[in-house]
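Quick note, the sequences are listed as chains A and B, same order. Sequential numbering of the first sequence, starting at 7, is according to the working numbering. Sequential numbering of the second sequence, starting at 18, is according to the working numbering.
Source of the hints: derived by calculation from the structure; they are not laboratory data. Every residue gets a Cβ at the ideal spot worked out from N, C-alpha and C, and that includes glycine. Be careful, since some hints might not be right.
Claimed, not checked - Which stretches of chain A does chain B cover? Using the computed rule of at least three CB atoms under 8 Å from a CB of chain B, they are: (1) 20–28; (2) 32–41; (3) 44–51.
Said to hold, decoys possible - Quick list of the computed label-pair ranges, beta carbon to beta carbon: (4) B:188 with A:20: 17 to 23 Å; (5) B:41 with A:41: 16 to 22 Å; (6) B:220 with A:41: 39 to 45 Å; (7) B:203 with A:35: 40 to 46 Å; (8) A:20 with B:191: 26 to 32 Å; (9) B:33 with A:51: 18 to 24 Å; (10) B:216 with A:37: 37 to 43 Å; (11) B:210 with A:43: 51 to 57 Å; (12) A:37 with B:215: 39 to 45 Å; (13) B:211 with A:20: 29 to 35 Å; (14) A:46 with B:27: 37 to 43 Å.
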Amino acid sequence: MLGEFSSFIVWSYAIFFAALALLAIWLIVQNRLVKRRLSNLQQDQPDGR
Amino acid sequence: MSNWFQNLANPTRFMALSDKLLPTFALLGSALLAVGLYQSFFVAPADYQQGETVRIMFIHVPAAWIAMFCYALMTASAIGTLVWRHPMADVSARAAAPIGAVFTALALITGSLWGKPMWGTWWVWDARLTSVLVLLIIYLGLIALWRAFDDPARSARPAAIVILVGSINLPIIKFSVDWWNTLHQPASVFRMDGPTIHPDLLWPLMIMALAITFIFLSLHLLAMRNEVLARRVRRLEQRAAARGPTSRSQNDTRVHA
Chain A
7 MLGEFSSFIV
17 WSYAIFFAAL
27 ALLAIWLIVQ
37 NRLVKRRLSN
47 LQQDQPDGR
Chain B
18 MSNWFQNLAN
28 PTRFMALSDK
38 LLPTFALLGS
48 ALLAVGLYQS
58 FFVAPADYQQ
68 GETVRIMFIH
78 VPAAWIAMFC
88 YALMTASAIG
98 TLVWRHPMAD
108 VSARAAAPIG
118 AVFTALALIT
128 GSLWGKPMWG
138 TWWVWDARLT
148 SVLVLLIIYL
158 GLIALWRAFD
168 DPARSARPAA
178 IVILVGSINL
188 PIIKFSVDWW
198 NTLHQPASVF
208 RMDGPTIHPD
218 LLWPLMIMAL
228 AITFIFLSLH
238 LLAMRNEVLA
248 RRVRRLEQRA
258 AARGPTSRSQ
268 NDTRVHA
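The following block holds chain B by itself, in its conformation from the complex (with noise of 0.2 Å):
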């Protein structure tokens, strides 16, 4: 395992295993996108209490999950940038934040247009939707902080330190409804004494659900890229720039020659 992850220590062979791994990632959540769609509007029923509105939940959920899933994972990039110095770490907690920012923004917006016609009102400042807002802004933040550096080597260190002390925020979002009176609802799915969600509607959810990880996973991958990419351009530029214009036009001078 901890080979594994020295050898993708190296970007080079990151790009040669991102390459084969994103598309087959990219397929798998478009079928079973598919096949969640379809469950979730034409198999899964009607809520007895909730109608149709409760549909609504086949994209909340799994968009609530992601956005703290994603924080998760630059969490433990964040570990790997502060203790294994590993360069991919910094590489993979910057992809993964303009992403996850999406998707808490979405468990946002979709759960108001969910509340809405559930409680009455489109927000309340409950602390399981508070604690969500405080990790969309915690998300911009870390975004604001990335691209107030030049360098992205410099940015690094401080950055994973910030989504350190962020992740406090996860088991607060996950408790919240616990810990605090929540106009919303407790968890249903993840309980110690299993889901008390009908199997009619667990398994479309669950479908769903996968089928955002692997779009997600495709994202992701798709963004460390672009990333691994743009560092070599500046690492080129750079270069280009310490060689100065004299050298430049003598290369000119050669090529016209």
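The shape of chain A in the complex, shown without the other chains (with noise of 0.2 Å):
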């Protein structure tokens, strides 16, 4: 289906669901990583806040 150009169709499809792929990862493991110095910190506040 994907003839004689294929590598560059496949390549391309591949790049680009990876780095995607790889944003929402970075962005999901910041978010976990900043929650817990937040909830770290907030314990640490002798008003608890």
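These two chains come separately, so use the hints to put the complex back together.
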């Protein structure tokens, strides 16, 4: 189905979705880390805020 | 409308709203992506000149559109920072920059992978390709500018000014194919006299563009939430530092006692 230029199509789609997946994973990991840091800091606060 | 914007100035309200919107956008984006990919590979016909390679268009064009849309969003945010001093405007611009940079890089890479079989070259210094490369450099420069400041409040204004100056590149990108003689083809979707693409190729392209727009919005909301939380962390760290080691050790004594 992909014809003679298949490698260009496959590489385009592979790079595109790999980059999007990496970006999403990076943001999700960042979210977990910042939430954990915030929760630790809130526990350290004398007034609990 | 202005009330809605004022409500969003409160980060707590933004967090509550984005908590509901984020999964909706992600779900919509994923569902549309599944339909769009099916249409792109199994419904859309091969092009009479380009053959199967035309299928690169279904990711290249949306990536390029989002790269520009993201910068337009940052420009609106910069105006929000400079004119209304909206507290979420700088958060929005700062969160959008890395995502915009990734989409711009993807537009350049997929364009290059499309250019090689069609034009016989990976790269050519024509006006469209060069102006998109300039957009990537602006994104990277802005990320570096934000990182150069310790305090996000101090970087908001200079970054907003640079964003506004850089926005001059958006019409240059859009009209570069009309103003200069470029190897890149002229606009074939957003034209005064209507699209010149056959509907069999246009529909899958529009579905993919909508899917990738929703995915971009989900990523942007997530990045904005991270930025809001990071600023809260920074405030708490400053408060802890201001209390100093004495009060900290008193706390520790209280806990251990």
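**Report entry** Enumerated hints in conflict with the structure, sorted upward
**Finding:** Going through the list in order, the structure violates hints 4 and 14 and respects the others.
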